[in-house]
Amino acid sequence: MHPPPAEEEPIPISAVQHAVYCLRQAALIHIERLWAENRFTAEGDVLHAVADKGGRRKARGVRRVHALPLGAARLNLTGIADLVEFHPLDGGGEQAFPVEYKRGKPKLHRADEAQLCAQALCLEEMTGQPVPDGALFYAQTKRRVNVPFDADLRALTEAVIAELAQVFASRATPAPMPHRSRCRACSLADLCRPDTVARPVKRWRDQTLARLLDAQ
Numbered sequence: 020m021h022p023p024p025a026e027e028e029p030i031p032i033s034a035v036q037h038a039v040y041c042l043r044q045a046a047l048i049h050i051e052r053l054w055a056e057n058r059f060t061a062e063g064d065v066l067h068a069v070a071d072k073g074g075r076r077k078a079r080g081v082r083r084v085h086a087l088p089l090g091a092a093r094l095n096l097t098g099i100a101d102l103v104e105f106h107p108l109d110g111g112g113e114q115a116f117p118v119e120y121k122r123g124k125p126k127l128h129r130a131d132e133a134q135l136c137a138q139a140l141c142l143e144e145m146t147g148q149p150v151p152d153g154a155l156f157y158a159q160t161k162r163r164v165n166v167p168f169d170a171d172l173r174a175l176t177e178a179v180i181a182e183l184a185q186v187f188a189s190r191a192t193p194a195p196m197p198h199r200s201r202c203r204a205c206s207l208a209d210l211c212r213p214d215t216v217a218r219p220v221k222r223w224r225d226q227t228l229a230r231l232l233d234a235q
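Numbering of the sequence shown is given in this note's numbering, commencing with residue 20 and proceeding in unit increments.
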């Protein structure tokens with residue numbers, strides 16, 4: 020008899036955001052378990068510490084659940100939503116509305132939106148009801164940005180999840196891409212491209228040794 024196939028490692032919903040930003044970054048964090056703090060990650064930690072306290076409450080008929088565990092068997096996704104609001108429907112029942120807390124302000128890329136859409140895909144499987152939209156709350160602007168889960172965003176999100184599934188299955192980290200402007204804000208820049216740090220150090224060492232030898 021052949022042993023049963025190993026269970027696939029679930030894909031964290033947070034990896035979707037990282038993969039849209041940079042697939043290599045997602046692999047470094049979720050496959051190689053590398054992480055580095057900078058001011059941006061520290062601010063995000065503080066914001067999520069407040070959002071992830073958990074608990075449920077109801078206001079104006081809307082049920083609000085913080086730190087709600089999510090999962091989707093079809094996509095092999097798992098994670099925790101910062102906040103899910105359940106809005107009452109006219110014909111009875113509720114419609115889920117995920118809210119993700121972010122530091123900073125809205126971005127040009129769609130990483131935050133795809134992460135939120137992944138939460139919606141989980142909620143649709145869990146509740147059996149459509150989730151047409153959600154919101155991103157940005158700490159810098161202190162405003163919600165409504166995010167409709169249209170066909171384009173859903174296609175992007177599912178394509179990224181498929182890419183992540185391949186990375187998780189192969190356990191292979193993609194090679195570095197050409198340097199981009201967003202690399203400057205990445206907390207993993209030194210870990211991603213250690214040669215960019217090593218070269219100046221080696222140059223300083225060689226120059227210093229040469230000066231010492233000349234002085235002898």
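By construction, these hints were calculated from the structure, which means they are not laboratory data.
As the structure is a prediction and not an experimental result, all values here were calculated from the model.
Hints are not guaranteed to be accurate.
Each pair of labels, with its calculated beta carbon distance range [said to hold, decoys possible]:
#1 163 <-> 108: 30 to 38 Å
#2 86 <-> 170: 28 to 36 Å
#3 178 <-> 88: 52 to 60 Å
#4 123 <-> 83: 21 to 29 Å
#5 112 <-> 190: 19 to 27 Å
#6 125 <-> 93: 43 to 51 Å
Note that CB positions come from ideal geometry on N, CA and C, so glycine has one too.
Index of numbered hints that the structure contradicts, given in increasing order: 1, 3, 5 and 6
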